[in-house]
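Student: Let the sequences and hints guide you as you build the complete structure.
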Amino acid sequence: MTRALSIAWLTVVWVLLWGSFTLLTVVGGVLVGWVVTVVWRPGDVDARLPFRPLPFLGLVAFLARDLVVSSFVVSRETLLHGPRSRGAILDLPLLSTSDRVVAMIAGAYSLSPGTLVLQIDLQASRWFIYVIGTRDTADVEQARKGALEVQRRVLDALGSPSERAAARELEASG
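The opening residue of the sequence shown carries number 161 in the numbering used here; numbering runs sequentially from there.
Among these hints, one or two may not hold up.
DEER-style ranges, computed between Cβ atoms [claimed, not checked]:
1) Ser166 x Leu227: 31 to 39 Å
2) Arg225 x Asp299: 17 to 25 Å
3) Thr162 x Ile249: 38 to 46 Å
4) Arg244 x Ala224: 24 to 32 Å
5) Arg244 x Val190: 55 to 63 Å
6) His241 x Leu278: 36 to 44 Å
7) Glu301 x Gly218: 22 to 30 Å
8) Tyr290 x Trp200: 15 to 23 Å
9) Val187 x Arg260: 29 to 37 Å
10) Leu240 x Val195: 47 to 55 Å
11) Thr238 x Arg212: 17 to 25 Å
Hint data in this document are derived by calculation from the structure and do not stem from the laboratory. All C-beta atoms in this analysis are idealised placements derived from N, C-alpha and C, irrespective of residue type, glycine included.
Tutor: Written out as structure tokens, the structure reads:
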């Protein structure tokens, strides 16, 4: 039943993208939907992420505060230094290898003005981020700590117990 609903949904999207409701677009949508659901079927994934309400609320509050503070930091950097603004690309450890948790971490980090996730290497458990406003090593260290804090908070709110334990071990080892 799930495959049939997926094919129907993809057919609707296909028809809307083409902008015309004809027999050809409907048949084309069904064929595309069938190919997508059969040929490129995603692997088995747990249906749910663990959800911890209090850490999740902490994550939301942290991100809201970070959004406001980062907006002021980027504004100050732009007004004071303009085109001479400095940024840094950081290579940092990734505390999770779960696709869904890593996607949440990347999305949460990129919400903050002046930051961007450039690349994620799951095999090496590394991520590369860009941050604006790094004038000295203290700013770079603060950016590192901030990125680590985002990871910790996402894992606390949505990570499995095994992921959280592995992240604590990774942090403890260096």
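Student: Does each hint hold? Answer for all of them.
Tutor: Structure-based check of each hint:
no., hint, result
1, Ser166 x Leu227: 31 to 39 Å, "holds, 35 Å"
2, Arg225 x Asp299: 17 to 25 Å, "holds, 19 Å"
3, Thr162 x Ile249: 38 to 46 Å, "holds, 41 Å"
4, Arg244 x Ala224: 24 to 32 Å, "holds, 30 Å"
5, Arg244 x Val190: 55 to 63 Å, "holds, 56 Å"
6, His241 x Leu278: 36 to 44 Å, "violated, 22 Å"
7, Glu301 x Gly218: 22 to 30 Å, "holds, 23 Å"
8, Tyr290 x Trp200: 15 to 23 Å, "violated, 31 Å"
9, Val187 x Arg260: 29 to 37 Å, "holds, 34 Å"
10, Leu240 x Val195: 47 to 55 Å, "holds, 53 Å"
11, Thr238 x Arg212: 17 to 25 Å, "violated, 37 Å"
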